[in-house]
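Which chain is which? The protein sequence lines are A and B, in order.
Residue 1 is where the first sequence starts when you use the working numbering, and the numbers rise one by one after that.
Residue 521 is where the second sequence starts when you use the working numbering, and the numbers rise one by one after that.
Fair warning: there could be bad hints in the mix.
With a straight-line Cα cutoff of 20 Å, these simulated EDC-like cross-link-like pairs (lysine to aspartate or glutamate) come out [what the hints assert, rightly or not]:
(1) B:Lys945 x B:Asp905
(2) B:Lys791 x A:Asp151
(3) B:Lys791 x A:Glu144
(4) B:Lys791 x A:Glu175
(5) B:Lys739 x A:Glu504
(6) A:Lys491 x B:Asp588
Rather than coming from a laboratory, the hints here were simulated on the basis of the structure.
Residues per chain are reported as follows:
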Amino acid sequence: MSEQIVIVGFGPVAARLVDELLPAVRSGMVALTVVGDEAEAAYNRVLVADLGVGRTTAEALALSDAAALAADGVDVRLGVRVRRVDRARQQVLLSNGAAAHYDRLVFATGSRPVIPNLTGINPDPTSPVLPAGVTALRDLRDAEALRRAVDGGKRVVVLGGGVLGLETALAAAEEGATVTVVHNGPHPLGRNIDRGGGAVLAASLRRCGVRVAGNARSTGVEHNAPDGGFSALLLDDGSAIDGDLLVISCGVRPRTELAEGCGLSTSAGILVDHKLRAHHEPHIFAIGDCAEVRCPDPDCTRCRSAKGPSGLVGPGWRQAEWLAEYLGRLASAVQEDADLLPELPAEQAGVIVLKARGMNMAVAGDNSAEPWDEDVLAAGAVNGRPRLQIAQWADPEHGRYVKMTTRGGVLEGLVAVGMPRTAAELVGLFERGAELPADRSLLLRLDGPDQLPGSGPASPEGTVCRCAGVSGATIQGAVEDGCATVAEVSKVTRAGTGCGGCHEDIKGLIEKHFQAVSAA
Amino acid sequence: MTKSADTHCPYCALQCAMTLTSSQDLAPAPEPGPDPVPAPMAAKPPAARQSAVNSPVPEVPLTVQGRDFPTNRGGLCRKGWTSPTLLNHAGRITEPLLKGGDGVHRPISWEQALDLAASAVRDARARYGADAVGVFGGGGLTNEKAYMLGKFARLALGTSRIDYNGRFCMSSAAAAGMRAFGVDRGLPFPLEALDTASTILMLGSNVAETMPPFVQHLKGTRDAGGLIVVDPRRSATAAFTADGGGIHLQPLPGTDLALLLGISHVVIHEKLVDTAYLQERTSGYSAVARSVNSFWPERVQSLTGVPADLIRETARRLAAGARQGGSYILTGRGAEQHVDGTDTATAAINLSLLLGLPGSARSGYGTLTGQGNGQGGREHGQKADQLPGYRKITDPAARAHVAGVWGVPEELIPGPGLPAVQLLKSLGKPDGVRCLFVHASNIAVASPDASAVIEGLRSLDFLMVCDFFMSETAAEADLILPVLQWAEEEGTLTNLEGRVLRRRRALAPPPGARSELWIMARLAEALDAPSTYSEDPETVFQELRRASAGGLADYSGIDYAMLDRGEAAYWPYPAGSTGTPRLFRDSFAHADGKAVMVPVAPRRRRTPAADPDPAAQAMTLITGRLLEHYQSGAQTRRVTELLASQPEAKLQIHPAAAASLGITEGAFVSVANERGEVVCRAELSNAIRPETVFLPFHFPELESANRLTEAATDPISGMPEFKFNNVWVRPVTVPRSTNVLQTTEAS
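So that you can see chain B by itself, here it is in the shape it has in the complex:
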């Protein structure tokens, strides 16, 4: 019997709709236990696992088809098309694995695994206190899992030390959105609203590679010549501005903030502000006007390298667009992943407020959420400072409400924990985390100063990782628990528009894999935790609805049945309402209903230290993604087609810079700074500025871009500095293996 399920792509926040068709009859969900205890024979040596890798690739159990939906309109990118190949990938982990004294992971039973995890928690708690247990979550978890993870950490583990990889993605834009609007929903309008816009200003977002089907929504603006892309690289998205599509502004890395202040300066001085809007709907205008006064276009030209006339042109186009089909300002990680990322996003919001965009019928400001559930994942309590419904953990009323839903006394909920970078810095340290659970995150590759993070992981008393592949983080773990992939589970995700979507099961998981919900329920039981931990996604969602009720991200009016009918559910969706496709139409979420404008200014930056090696050149490193890969590459590097297309990290460098260093196309280069070194091949391209180099961050070990990124963080959001790092570049000759993946798996 053929079975098909309407679901959404496992990867990014666009959450392209897809239909999965399985030739296999859907097996019932795995029984929660008891597990068959594996015979001693089953403890396979690694050689046996290795042979599995080399065995013929099994038939893909599913076919995937793009499904018509307002966001992707039937389109999928290569990542989505090839996603089913991971379901029965030979490297899939299908049994709990325990690392032995020899460093080799060997299968154990679930019963043993859960016992080990529970006793590790008890040990750490007894020896160092509850905050010695930490949880690191991910923006790929379903709403149900993200919600439960927050509850599990705070009640079952009793720890405040929970944060997640969204801290590396959305935290700056989220903090800026909260500060300005009182609420943070990535796009406060449906994506289709962009279709008819006259002008779109995109800063630091390369959607043509990171979420290709999104590009359909830029067509109208490109046809109108109104797409303005800000990127130090002529990225695939920036290239859309050619042939009359719009303008590409190519600033020096790390100067987006100054550029935005310059555009705002022109808007104010050329009287392009929406005066009535500013008066009725905002506060703080005059302080912002004063603060941008010193950023006149020619000065900003000197700071950013963007010609003054293009700064003026941008301001005028945005203002003209607002009066015509609409103007939108969109930010991405390129603008936000900085130590002043919150201020940069704030500057973009200020600009949009000067022009009267947010809350109007045809214009707006938005941030493009990256991870699959990057939106929902930041709303329901896996952030160090939050409780479900986007509530503040320090707010007594919020605590009382959530404690009520959980049926526990309020004082049982710990206070705020540490944001991701600080949490990871504390690993193994006195008063730090000694026992860490990692879910849906590959922090050994995706964190700033990745070498230091790996050292931290190795200094832990106990590391448990839930994953379905031997990711670089899992490889460090004492205990690996095999979990489900997207096509094997039910749940909900919230896409980049704040629309809640259903993920549906299309086939049965491997017999040894379990849902995180099941794992948390079992561990909570073993730890005699207060409250309840359902392993049924719909039951958890019902609880999430109640926990979120009355919060900023209110899901209380949404249920599975409604989503299954295909209703478009945008939060806030209080019970009895019809949801909120467009936010801010009448007011913003602050008490007085006004948006708050906050003056911001660039902070001074360090200058690079002198380099001992005269053969090296000081350059600025920026990092980002390739179309073929997703995040740390833990999944996409295992898809044959994608890996064949982009098998390794390449340093993008301008031919002029390469020539002065004697670097030729495909030659090996060293990219180094005080934190570490990357060695990879060079790719010459005049799409990048001559003083800047680009590395994708999908690759591990010697090609891991995050060996070079700095763990300095934004004082407000805790966002690390991913997009502006001083490096020294020089040519090298190294004998090396070219297939990093194989090296990793063999190790």
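Next up, chain A with everything else stripped away, as it sits in the complex:
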């Protein structure tokens, strides 16, 4: 009999799990139910801001096709919430009154936006009712609200200096809205970036037409728009930032209440072990934003340094791929076979790459140490562990900044602003844990024009015609022996007889010879 798997939630991570389980569904090994509370099948939430500024279409955001999945035999329930999980009976109870049995249950409930406690906004954290003109930019309807503001060239206030807030601000500004980013702390991105990088980042944002209000503490919203909607964000210094739409971008919080309601252990997220199993519950798993990998073993070294859910989709997708393999093995055969599957490697610290046109920024890891903080750099350098090293380059005038924090040549943190190729390389090196070249400036030069091969004067020994392998000296010799045209040189030396790309160079050598002759 086929194994009944139920997935709670139908976001991008659940969609990947469904895709990976499809072969097992088609073969009849697995019966799969997926329950999503939105009316649409999974779509790419990462691009909701792009949709909000009109850079893409709702259709293009789709990650799953409910009809195609149903045709493959997947039981897709849209617009339905799971009300309760009955672990004793191994079934989920749905908001429409239906129930579904499970052999394995997977939580992929994701996260919800953090709504700050502001006067004028309902403070209930689990079901905030946002007033007109206020959006958290999480789903397709939120995108629609932003779209109207951007199309109307309205004033958009973005509350929060996180990467999603900055992306929204940059995209909206470029598409014609007047945008202000309001954040606390001296620069956007908070502790993800260092002071120098943050300063260059803020300057770059301003250069892209985004107003940046730093060190701001917001206290409430004002609803004085004609339709009773949002009109201004109030700050604790008594000032107000006027706008037509407030986009709240203050981070996300895992959706754990359903798991808590059925007695599973949670911390920031639903606690799972290295096999993504809920603690002490072999039938239940959690992946993606709602899951926190921290095993019950208090002595586990991997878990000692574990952080909560990253809020990034990449780790969730890797969990989905791994779990599909694991569940497939559980469904197909013996427990031992499943146990043989190597555990998912621990995730590295997340990399933040700003999705924006015309502005490039990547940060990862810990960038707090400064080159001259002797104590900080030496801290932890015990038992032969190398000390931290910082290499840094700042050109705020041109919006460029790079900082590489390494230990033993391997990146522990990176900041790159305004340096696209450097950023791409550093991110790759960070993710691979690869050693940097000893000459760190090599990485800075990737964005320089000197990386392109020059077309400077070739030495006489150098090859002029690559196709036939003929040197400048050979051609000169032929010219001295009487060849006066490219065709004649070609006949004698074969230079220029392949792709013909060197005809100009041969001509140059002929002219040079005759100039020298006439000058003599």
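Using the hints provided, position chain B relative to the given structure of chain A.
Quick look at chain B alone, frame taken from chain A:
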């Protein structure tokens, strides 16, 4: 009397037109037999052969001149210019050679040689069954020989075990083309079409070195600033993008697929798709759109190392080009020779379909075929799963048609065999191949995990190799049969455009050499094979025409006379038609006329194992070709001028990586992994990414790059993983001979 022949270059698929002029009067073709039995004295010891090598180089019997033709426009590269020096090279094999118990090859008569080969086949068949006899062909064989080899294997040997070295070249692109378009012709348009293109995206192809005269067709696009080259190295081709020629995208090795998905993502999300085209001419769009959704540029930047803005720029240029002078997407082996090569080529095709390129008047997708007859060689039945005319061997109608042409009952044609890598893995194994015939291929150098292949060759009961030089594979053979070179034979080849060309004879072969057609005819006779085996190329071509009629690669309307008149014959060319210079103008080759879009995604890759040697550094090895050499180098390493220019393999390594390992220019390095080790000199270059190293694969033995490549294969095409291998690099000090060729020949 001076005699000249208009023919084409012996090397790559560009098949540059050339005129060969001979001072020698053309002797009549050698009489098929009987042969003079060599006197016992003629069995020369190797020392005698060695002295021949050292004797003065004889006069080259031919002069070569580039000939004006739409593909090469009179141009030739160094390889073509120097090709005649091989015709009477001192190392040429001109008599059948049998390996004695002492391991030395000694001449025997043709009669003895054919008897031996036939009895080896009979022995293997009697002891292990017909599939114990295997045939390994090559993409350098003429259409006539490739066709006959497939027929010979299936009818005369009765084996299903035939495949060829094209499996290592074109199989991924071929599988992707078949899947998407229903037909695989490398370039479905004449090469000249590129001349006026606004944008060309080239992935994993270094034409500036591999087919230099091709570069002429990139000039217009370079002048327009629209050449986009994807290569982990700043290759000679990638360097064309400098000075306003275009863009060089330098991804991490093995990430072309992700890069293509990223470009496709931008095309879809920025609404650059050709909606009407997708609707009318394709199926499968929405699944592909969903599948690329998760590859937004910044994520792809993290996967590939290519900046997000360049990914966007590429997408926009392709879309803009399609509306102007045309956009072309071309793939080469760099993108295709992977375990996900078929999917990578599919991603390139999907991108081209999103933009509405294939089948349009001025745009398209193509793959650049590598070997001289890499196109024709994959159409007429030397592939494990195919019959002539690009027919599927599993298709009952195809089998019935071919059986009809051959005049045999259909059940006499065996079913599908094993693709090359599996075939080579089976050598000497129980239920594997025990007796192998190798034609036009140097598998001891050119195959992945070459050391394992050599072991396989040594475990055979009988190995017969047809070659004109003592290649590294021939050196392993029990029996070597000397065959003709290009200037000594008639036939046809099909170039990278799907255009059928005539190869013409310019001089008489050495008296002891024979055409493979002659050899197959004699062996078929000795084996009492059903059907007929002509040794006359034109007669074989007539039969090929009938066998291909109605197939995808239909040659039935092409004949020698028409080719001799200089007519441009592009297949499909059914009798009564005028051929097909541009495919897909009205429809694709699937039943509904639509191109099929198939969603693809990168598969997870292994991470390198920990290395025991702390002095070594984990790096990624990519392999490729040099301008001076061709494939396994069996020919070009014997051309003095070419060998002098590139005498040995050099490991290209970035100066920063070299510095951290203490490697200096010209110093010896070891490149190793669990499969083997290469020791060669280092060449420092900032044209390569710091975590990547490059080795050319033209060299044998200790310099053989394919000792390191993995025999893991693409699940669809059977293509091995040539372009992404984990290696450990460290400096070494070794006393060694620097002239590998001499060592080889002396051994």
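Cross-check of the supplied hints:
Taking the CA atoms of B:Lys945 and B:Asp905, the gap is about 18 Å. The hint holds against a cut of 20 Å. A C-alpha spacing of about 18 Å is found between B:Lys791 and A:Asp151, which places the hinted pair at or below 20 Å, so the restraint holds. The hinted pair formed by B:Lys791 and A:Glu144 meets the criterion: a straight-line CA distance of about 18 Å does not exceed 20 Å. Between B:Lys791 and A:Glu175 the alpha-carbon distance is near 16 Å, which keeps this suggested pair within the 20 Å criterion.
Under the criterion of a C-alpha separation no larger than 20 Å, the hint pairing B:Lys739 with A:Glu504 is consistent with the structure, at around 13 Å. Among the hinted pairs, A:Lys491 with B:Asp588 is consistent with the structure: their alpha-carbon atoms are about 15 Å apart, no more than 20 Å.
The structure fails none of the hints (numbered hints given earlier).
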